[in-house]
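Here are the chains, one letter per residue:
Number of protein chains: 2
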Amino acid sequence: MDSYSGKITRLAEQFASLPGIGAKSAQRLAFHIVSMPEENVSALAEAILDARRNIRFCKYCCTLTDEEVCPICASDKRDHSTIMVVENARDLAAYEKTGRYEGVYHVLQGAISPAAGIGPNEIRLKELMRRLQSEDVKEVIIATNSSLEGETTAMYISKLIKPSGIPVTRIASGVPVGGDLENIDEVTLLRALDGRVPL
Amino acid sequence: MDSYSGKITRLAEQFASLPGIGAKSAQRLAFHIVSMPEENVSALAEAILDARRNIRFCKYCCTLTDEEVCPICASDKRDHSTIMVVENARDLAAYEKTGRYEGVYHVLQGAISPAAGIGPNEIRLKELMRRLQSEDVKEVIIATNSSLEGETTAMYISKLIKPSGIPVTRIASGVPVGGDLENIDEVTLLRALDGRVPL
Numbered sequence: 152m153d154s155y156s157g158k159i160t161r162l163a164e165q166f167a168s169l170p171g172i173g174a175k176s177a178q179r180l181a182f183h184i185v186s187m188p189e190e191n192v193s194a195l196a197e198a199i200l201d202a203r204r205n206i207r208f209c210k211y212c213c214t215l216t217d218e219e220v221c222p223i224c225a226s227d228k229r230d231h232s233t234i235m236v237v238e239n240a241r242d243l244a245a246y247e248k249t250g251r252y253e254g255v256y257h258v259l260q261g262a263i264s265p266a267a268g269i270g271p272n273e274i275r276l277k278e279l280m281r282r283l284q285s286e287d288v289k290e291v292i293i294a295t296n297s298s299l300e301g302e303t304t305a306m307y308i309s310k311l312i313k314p315s316g317i318p319v320t321r322i323a324s325g326v327p328v329g330g331d332l333e334n335i336d337e338v339t340l341l342r343a344l345d346g347r348v349p350l
Numbered sequence: 152m153d154s155y156s157g158k159i160t161r162l163a164e165q166f167a168s169l170p171g172i173g174a175k176s177a178q179r180l181a182f183h184i185v186s187m188p189e190e191n192v193s194a195l196a197e198a199i200l201d202a203r204r205n206i207r208f209c210k211y212c213c214t215l216t217d218e219e220v221c222p223i224c225a226s227d228k229r230d231h232s233t234i235m236v237v238e239n240a241r242d243l244a245a246y247e248k249t250g251r252y253e254g255v256y257h258v259l260q261g262a263i264s265p266a267a268g269i270g271p272n273e274i275r276l277k278e279l280m281r282r283l284q285s286e287d288v289k290e291v292i293i294a295t296n297s298s299l300e301g302e303t304t305a306m307y308i309s310k311l312i313k314p315s316g317i318p319v320t321r322i323a324s325g326v327p328v329g330g331d332l333e334n335i336d337e338v339t340l341l342r343a344l345d346g347r348v349p350l
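Those sequence lines, one after another, are chains A and B. Using my numbering, you'd call the opening residue of the first sequence number 152 and step up by one each time. Using my numbering, you'd call the opening residue of the second sequence number 152 and step up by one each time.
There's no promise every hint is true.
If chains are identical, the list can't say which one is meant, so a pair holds when it fits in one copy or spans any two.
As the list claims (entries may be wrong) - Here are the simulated DSS-like cross-link-like pairs (lysine-lysine), alpha carbons at most 27 angstroms apart as the crow flies:
id: 1; residue 1: Lys277; residue 2: Lys313
id: 2; residue 1: Lys210; residue 2: Lys228
id: 3; residue 1: Lys277; residue 2: Lys210
These are calculated hints, taken from the structure and not from any lab test.
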């Protein structure tokens with residue numbers, strides 16, 4: 152590998168350590184970087200440092216943001232009495248893209264995973280409970296992933312909230328729109344059957 | 152997209168402008184960066200700037216390197232009388248990986264492509280001719296790609312060198328090892344037939 156330049160090799164190694172970038176792509180990226188105009192390279196490096204250094208968690212919903220309060224929590228066009236609980240900011244972004252959800256969020260920054268040693272204290276659950284005490288909340292929608300960790304987290308949160316009397320719901324699980332039944336796993340098929348709704 | 156943080160969005164846009172990184176991967180990378188330890192992020196940004204700022208072309212073979220002369224041209228273990236001509240440093244790296252080639256290289260930093268407006272003066276051809284005059288070269292092996300541009304470049308170079316009397320060879324073209332004949336294009340099959348060797 153060191154036949155051309157140690158600096159390119161080191162850069163390729165840096166890229167290869169990022170998720171989803173293999174050795175070949177990392178090398179291609181490194182060669183691309185050295186052939187880019189210098190100001191574009193500076194802009195990339197600056198964006199990397201800037202994002203890492205100036206990011207923080209929203210005071211209310213714990214999502215990643217530049218400000219003390221994220222744009223959604225700061226907006227008076229949102230329904231602050233409905234809180235959707237998601238695992239991370241990417242999931243929040245996915246629901247925001249639908250353009251239909253008008254409530255606010257709570258970002259757990261993870262999910263309970265005994266296997267990975269992540270317990271209720273390692274995720275932003277205390278912050279959620281504090282919100283439920285201080286804010287006037289009418290519904291908590293749990294939108295954690297439909298994985299073992301996501302389901303465990305959903306069950307845990309719903310038990311935790313129940314005594315307060317605030318209604319807790321869970322997003323529906325079933326056959327995805329456009330999904331072909333023959334390609335869908337049995338667990339999902341049974342979930343879809345159990346969750347059937349009258350037409 | 153701006154529902155979480157403008158800085159993450161800007162970083163994702165930067166990543167998405169790199170080759171082979173789509174919008175989804177760019178977003179995943181951006182979120183990964185903000186969750187990385189700060190020293191790792193600094194190391195990545197530093198490697199990017201360092202590679203771009205301190206890279207130059209080897210005085211002899213024109214490959215990308217940190218020094219005035221690349222490690223291969225500087226090595227006295229290599230056969231400096233055999234020059235393999237390649238299009239770019241990635242191709243050089245591919246042949247270096249075989250561990251069998253003991254000569255040196257010349258990196259054209261491109262290939263002649265009338266369609267893209269790249270003529271013989273846009274690639275490092277003058278530098279090659281200068282080497283052939285000043286060094287004692289016994290063979291020039293042309294290892295440009297087996298594409299239209301690569302073949303055009305190979306023909307052009309061989310004509311240019313011929314008057315000097317230095318032997319010019321071209322790497323073999325044919326069916327790749329492990330290749331299944333039924334999946335190989337006709338041009339390659341005919342090339343393999345034309346280039347058949349006695350057993």
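For which of the previously enumerated hints does the structure constitute a violation, in increasing order of number? Per hint list: zero violations.
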